[in-house]
Amino acid sequence: MNFCRQTQSNSKTKSFNTNSINLKSSRIDSVASLDDFPFTKKILTNYLNEILILRCHCVEPRRFQDNTTNIKEINMYRNIKPHYFSIDAIMAAQEKIQCSFIKKVEHVDFLDSIYSDKDEESDPKIELPLWMVKVFLVGKSIQFDMPKAYNEIYRGVLTADANVVDLFKLCKHFYLFGKFLSQLEHREAYEVRRTLIQTFIDRFKQTMDWAQNIDDNQPCFNRLDCLERLIFNDARVAQQHLNIYLTEGSGQMEIAAMILNYRKRKIHESRVLE
Amino acid sequence: MMHPAEIEFLAENEIIQIVPTFNHASHVHLICGSYGPFRAGLPLNVPIWVALNLRQKKTCRILAPDWMTVDKLQERLEEEKASKFFTQLPTNYYLEITQMLLTVASEDIPQGNDIKTAVKDLWDLRIAKLRSSVDLFVKEGRVQASLNHLTPMEINSVRPVFPDTLDALMTLHEHINSSDDREDSSQSSGATPSSTSFSLSL
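Protein sequences, first through last, are from chains A and W.
Mapping of the first sequence onto UniProt numbering: position 163 corresponds to residue 163, and the numbering continues sequentially without gaps.
Mapping of the second sequence onto UniProt numbering: position 1 corresponds to residue 1, and the numbering continues sequentially without gaps.
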């Protein structure tokens, strides 16, 4: 499933980040990894499991058999908007941001058991996930730099030609993470927002073209952001149906299971009556 | 999203002319209407699904619809090329009807292969037009578009992409507006922005 793949890749980046921080400073590494917040991690894991169960119950994908391809799922209730249970939104909120504390922060020792008695004042750069930055920002005790994908250089690249950029490599949840970022208070937030919208508009035609025309589209698919992938997949499935229909026709109609059962019951009832 | 087969099912209710080779004096009463009487050699109107069924039993001959000739289709094609917008077609299900008739009753329709090519040309032209107008719509951020004379199958080809794209764009825009309000209020309150409440839910 989609979700499993993402968690794996996420844990990979996490460990990578921790290693890189280890080299820089021995003190920061304890804060940087989610493993060091056992309490938070437990909540989060439970939460993810709960979501998984909920998703399985709510969404019943319609399954059908194609002649040439394997079983495909059509999810009719796809939600592009990030909602409370959206796994993509949770993953996007996990992305790390470089930031530094400008004020002394207290009462966060329950998050970090090792440094329970120390303050976070006058730290150098530190990497925190977005959802934590959000909390600290309320108290105005932190300031952050825009991550690499959203800084001035990359904004220039995206404005020049968004179609050539490998968005997935740049940031897995480019649009969602960018959206969350631009909701925070930052002097560049407005530019980030403008770039996000313009990038999406510029790349839309390309996404649609790839989905509807190219047969072997794995290389193209790899360059799309998660949001674009949703749209891409839908377009792809629809195009495959159309192609199959045009080449092979619609095939034989079948009797619905409900009708068949109804008939069986009728026969059974008539037998009982006799 | 509809499956192409579902649209074909809708197309099967279109009326078509057949020449039966059997006699059946009374009307046949169906949910979609009453048809008959069937007299050998005399043409009559029936829904396509009836026509196809009878044709498969070899008890009738299907008469191609008026528009299904190479000349007529070429005319349509030229008209479509000349027009900036979508032109009205004789039927809403030209692709499906051609497909169905040519698979079951290809012997009844003269120049079947040419007709198939012409219909495919028409389809390709209209789809290209549709895709470029969808792109224009998104690029220029328009708010309304008229979809006159688009057929169900054509609409279905953009259906999985278009609403989701607009939804995604709206989500991005929506939050711009709310943030603009926030900026305005913080500017009015002076150099030190008042503590604004952040929503902590995702």
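Simulated from the structure, these hints should not be mistaken for laboratory data.
Even for Gly, the Cβ is constructed at its ideal location relative to N, Cα and C.
Hints should not be assumed to be uniformly reliable.
Unchecked claim - Simulated coverage check for chain A against chain W, where a stretch passes if three residues somewhere in it have a Cβ under 8 Å from a Cβ of chain W:
1. 192-199
2. 225-234
Unchecked claim - Counterexamples of contact, computed for chain W against chain A with all Cβ distances above 12 Å:
3. Ser26
4. Gly33
5. Leu42
6. Arg55
7. Lys72
8. Gln144
9. Leu147
10. Pro163
11. Ala168
Said to hold, decoys possible - Cut-off 30 Å, straight-line C-alpha distance, at most; resulting in silico cross-link-like pairs (BS3-like, lysine-lysine):
12. A:Lys103 to A:Lys140
13. A:Lys205 to W:Lys81
14. W:Lys139 to A:Lys148
15. A:Lys205 to A:Lys81
16. W:Lys81 to W:Lys120
17. A:Lys104 to A:Lys169
18. W:Lys129 to W:Lys116
19. W:Lys139 to A:Lys169
20. W:Lys116 to W:Lys57
21. A:Lys81 to A:Lys103
22. A:Lys205 to W:Lys129
23. A:Lys96 to A:Lys169
24. A:Lys125 to A:Lys103
25. W:Lys72 to A:Lys205
26. W:Lys84 to W:Lys139
27. A:Lys103 to A:Lys148
28. A:Lys205 to W:Lys139
29. A:Lys148 to A:Lys104
30. W:Lys72 to W:Lys139
31. W:Lys58 to W:Lys72
32. W:Lys84 to W:Lys72
33. W:Lys120 to W:Lys58
34. W:Lys58 to W:Lys139
35. W:Lys129 to W:Lys139
36. W:Lys139 to A:Lys81
37. A:Lys205 to W:Lys120
38. W:Lys57 to A:Lys205
Going down the list of hints, with the structure as the test:
| no. | hint | verdict |
| --- | --- | --- |
| 1 | 192-199 | holds (count 3) |
| 2 | 225-234 | holds (count 4) |
| 3 | Ser26 | holds, 27 Å |
| 4 | Gly33 | holds, 20 Å |
| 5 | Leu42 | holds, 30 Å |
| 6 | Arg55 | holds, 15 Å |
| 7 | Lys72 | holds, 22 Å |
| 8 | Gln144 | holds, 18 Å |
| 9 | Leu147 | holds, 17 Å |
| 10 | Pro163 | violated, 9 Å |
| 11 | Ala168 | violated, 5 Å |
| 12 | A:Lys103 to A:Lys140 | holds, 8 Å |
| 13 | A:Lys205 to W:Lys81 | holds, 22 Å |
| 14 | W:Lys139 to A:Lys148 | holds, 26 Å |
| 15 | A:Lys205 to A:Lys81 | holds, 21 Å |
| 16 | W:Lys81 to W:Lys120 | holds, 14 Å |
| 17 | A:Lys104 to A:Lys169 | violated, 36 Å |
| 18 | W:Lys129 to W:Lys116 | holds, 20 Å |
| 19 | W:Lys139 to A:Lys169 | holds, 25 Å |
| 20 | W:Lys116 to W:Lys57 | holds, 24 Å |
| 21 | A:Lys81 to A:Lys103 | violated, 35 Å |
| 22 | A:Lys205 to W:Lys129 | holds, 13 Å |
| 23 | A:Lys96 to A:Lys169 | holds, 15 Å |
| 24 | A:Lys125 to A:Lys103 | holds, 14 Å |
| 25 | W:Lys72 to A:Lys205 | violated, 33 Å |
| 26 | W:Lys84 to W:Lys139 | holds, 18 Å |
| 27 | A:Lys103 to A:Lys148 | holds, 25 Å |
| 28 | A:Lys205 to W:Lys139 | holds, 9 Å |
| 29 | A:Lys148 to A:Lys104 | holds, 27 Å |
| 30 | W:Lys72 to W:Lys139 | violated, 36 Å |
| 31 | W:Lys58 to W:Lys72 | holds, 28 Å |
| 32 | W:Lys84 to W:Lys72 | holds, 20 Å |
| 33 | W:Lys120 to W:Lys58 | holds, 28 Å |
| 34 | W:Lys58 to W:Lys139 | violated, 53 Å |
| 35 | W:Lys129 to W:Lys139 | holds, 15 Å |
| 36 | W:Lys139 to A:Lys81 | holds, 20 Å |
| 37 | A:Lys205 to W:Lys120 | holds, 23 Å |
| 38 | W:Lys57 to A:Lys205 | violated, 47 Å |
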